[in-house]
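Q: Residues per chain, in single letters:
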Amino acid sequence: MRTPRLFSLLAAGLAVAISINAPAAQKDNFSVCWTIYAGWMPWEYAKAQGIVDKWAKKYDINIDVVQINDYVESINQYTAGQFDGCTMTNMDALTIPAAGGVDSTALVIGDFSNGNDGVVIKGANKTLADLKGMPVNLVELSVSHYLLARGLERADLSEKDLKVVNTSDADMVAAFQTDDVKAVTTWNPLLAEIEATPNVTKVFDSSKIPGEIIDLMVVNSDTLKDNPNFGKALTGAWYEVMATMSADSPEGKAARESMAKASGTDLAGYESQLAATKMFYSASDAVAFANSPKLPATMSKVAEFSFNHGLLGEGAQSAEAVGMSFAKGVSTGDKSNIKLRFDPSYMQMAADNSL
Amino acid sequence: MRLINRHPDRAGRLMLVLLPFALLLFAYFVGSANRLAENANDKLLPSATQMVAAVDRLAFTEDKRSGNYLFWQDTLSSLKRLGMGLGIAALVGLCLGMAAGTLPLLSAPLSPLLTVLSMVPPLAILPILFIVFGLGELSKVMLIVIGITPVLARDLEQRAREIPTELLIKAQTLGANTWTLMLRVVLPHLLPRLLIALRLVLGSAWLFLIAAEAIASTDGLGYRIFLVRRYLAMDVIVPYVIWITLLAWLMDLGLRQVARLAFPWYEGAKA
Amino acid sequence: MTQAQHNNFIEVTNVWQQYADQVVLERLNLSISEGEFCTLVGASGCGKSTFLRLLLGQERPSKGQILLAGKPLAGEPDASRGVVFQRYSVFAHLSVLDNVAIGLELVQSPLLGRLFGNAKREAREQAAELLTKVGLGHALDKYPSQLSGGMQQRLAIAQALIMKPRVLLLDEPFGALDPGIRKDMHTLLLELWNEIKLTVFMVTHDLAEGFSLGTRLLVFDKPRIDPHAPNAFGARITYDIPLNPQRRANRAVFDELPAHVAASLQPAV
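Residue numbers (UniProt numbering), protein chains in the order written: chain A, 1 to 355; chain B, 1 to 271; chain C, 1 to 269.
These are calculated hints, taken from the structure and not from any lab test.
Honestly, I wouldn't trust all of these hints.
What the hints assert, rightly or not - Taking lysine to aspartate or glutamate pairs in the EDC-like style, the calculated list, with each CA pair at most 16 Å apart, reads:
1. LYS163(A) with GLU267(B)
2. LYS335(A) with ASP103(A)
3. LYS208(A) with GLU251(A)
4. LYS164(C) with ASP178(C)
5. LYS71(C) with GLU34(C)
6. LYS47(A) with ASP266(A)
7. LYS160(A) with ASP9(B)
8. LYS64(B) with GLU195(A)
9. LYS54(A) with ASP70(A)
10. LYS122(A) with GLU195(A)
11. LYS142(C) with ASP63(B)
All figures in this text were calculated on a predicted structure; none of them were measured in a lab.
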């Protein structure tokens, strides 16, 4: 009878090993992850300068800030429970953790893309209508895809009128050099590189749909509920960096320079990316954005797009499948299945200087 | 009895073969059940029902948007690329290996070149491949070809050198010229070795295929996996991985059978 | 054919063979008449096999020259000299029949090395006839790996003989065989030698074999040895012993017969 017992022991061990899922409860050690992007570089600075540590200490906890090279992988890791928080866009927050049943809260609304994402066609004087019948290279199912869909609406076209070719972001710039590629949709800094190619036209970008592609720090809702100090420390650290980097002072310049270096560009390059990014340097601006009725409307559009592309999962019967809650008790979608929460209360504390 | 002298009987052997698989499956489903009990929408370790539903949707239901059966379309595209890649690589590798392994005048320029080329990681020079071969089907096939041809050629060169000199001398005393010697002695000796070498590089070929499809594609098994990874659809990824494993295993089995049927002399001659 | 030509069928003049600073053979002089059965004996490393490779054309002498029927020997192996090695003499990927027929195919088809249709059938018929003669008539469709060692060497001999070479070189052909099988092979070899007008060189480690088969025994040995430089001096033929005068005489008589009579006595191969 030794074998069966050994068998079940081993199996149970293995099962435990692969199902470790940090249960939400009071705890002292937290970790969040982020990936390189203009709007998220402040996290790098906050960690490098000890600002996160300082705020964590204030609330008597530890927060580890981890940089991950692959964006989708970082969100997947967060969704699988390896991290308590992660940087991501509004659309990915809905389609990956929220649609995957991980109740998530947008703790900090950092910025929205204001030209950082764009559609580029080869050739001079092109328009959106020229996309008809063209192959378009982009990272399928990403915000680029969403941006393209919004652009096509403006030109009275639909996705059926062209051919979407899934292309890895890492290879986008090289891909654009080949003859097979006629048009791309991508984000900065790749966009800047591609726009710099002679004889191309940028026919659409995110500044035409301001406030729809939003960059967030998303945290696990249960963890946040049980550990409000975690939320307070992260928010406090963020707005300290915001104040520093937006200042027109030598310290501000030094902060931006350090972020530029960490993202692999120089100050000028980084500032041109920031120019296409609407940063909410002040917490009250971010709170105002979160409180506006435009946010629920935007998220409904994103949910619609996601549902049409099968991103809400198999169980989803409609775009309403995943419920979302907003400030002032507003909610959209299935109220019994609220998985994505835009909660401005921590940003409000920052605005009130009560952190 | 010492452990080294204990052999499993037939039934015991079968059990021992199945045991690790059963353990893996059991661990997976226990883990899956645990996670799903905690969060019914968990995507990381989908249940069997979820995976069956995903397979049913992809393989046996028309896709809403394109009207295709995605699973089969992906499989067909991938196998086509893989087949072309392997075929071209086998042909080129055979010619290069045979030339370098038989003719000393060609061995001098070819051998060091092949050695160096087989060390180049093709994935690292992808942008160059794009510029040269474009982003279409050609570049996907070429990635496989570039990835495995030098390995095949080197192996076959080595095998060609292992043909006993006596046989090459004998063929010359039987009136062979260089060309007919290669055609009737070297080539038949290398063909079964080629099949063995192909079986060994099958894994790399799949790797290059999936990498190629992840980079720029509109269909294929690798494309689907990387696409749905964007929303952590493990219910699709796990069946696809199992399917790829099965296809690779079947191809290995197929090559082994071909070798056995087409070269019946080979097994005996090895002894 | 005059006696003079006979005596000079193979003419070895002052041949040296040397690799780097190692002298293997030195000052070899030899004259072999057609139809001779030479057995080459000597200690290991005494250059017997090197001499055989020189005759085969696999190596070229460092000094001196070898004439075959009055002309310099071709510097690479060709169809004029057949060879049987101790191992690896037959093609594992061809059936017994094709192992022999391939010689005819290679000669007649320099482009593809392969015959088709009638030509192929004729080549196979010819091969099958020879194979029957060496006792492999029952195994035409088998692969060499399915044959015993002795059978494989029979096949190797048939393969060489289908080319009708004037010289047959044997490098310890029976070295790996059991004594009983070896005896059968001796009988077969002598039969074939008697039937076909063939000059044979056979390297052997077995002195008894050398004595009983040959009409001429060549002993290779190093006459000079410098203990400080063991490679400085090469081997020579130290003994050259005529053997089996009876067989030699028979052979000579046979050669004296008028050509048309000889032809009628000599079975076609």
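Q: Next step is simple, just say for each hint if it's right about the structure.
A: Here is what the structure says about each hint:
1. This hinted pair does not check out: LYS163(A) and GLU267(B) have alpha carbons roughly 51 Å apart, beyond 16 Å.
2. Restraint check for LYS335(A) and ASP103(A): satisfied, since their Cα atoms lie roughly 13 Å apart, inside the 16 Å limit.
3. Distance check on the hinted pair: LYS208(A) and GLU251(A) sit about 33 Å apart at the alpha-carbon level, beyond 16 Å; violated.
4. Taking the CA atoms of LYS164(C) and ASP178(C), the gap is near 28 Å; set against the 16 Å cutoff, the hint is violated.
5. Straight-line distance between C-alpha atoms of LYS71(C) and GLU34(C) comes to about 14 Å, which keeps the hinted pair within the 16 Å bound.
6. As the CA atoms of LYS47(A) and ASP266(A) are separated by approximately 20 Å, the hinted pair breaks the 16 Å bound.
7. Between LYS160(A) and ASP9(B) the alpha-carbon distance is near 61 Å, which puts this suggested pair outside the 16 Å criterion.
8. Restraint check for LYS64(B) and GLU195(A): not satisfied, since their Cα atoms lie roughly 35 Å apart, outside the 16 Å limit.
9. Pair hint LYS54(A) plus ASP70(A) does not hold up; C-alpha atoms about 28 Å apart against a cutoff of 16 Å.
10. Between LYS122(A) and GLU195(A) the alpha-carbon distance is near 10 Å, which keeps this suggested pair within the 16 Å criterion.
11. For the proposed pair LYS142(C) and ASP63(B), the alpha carbon gap of about 56 Å is over 16 Å, so the pair is violated.
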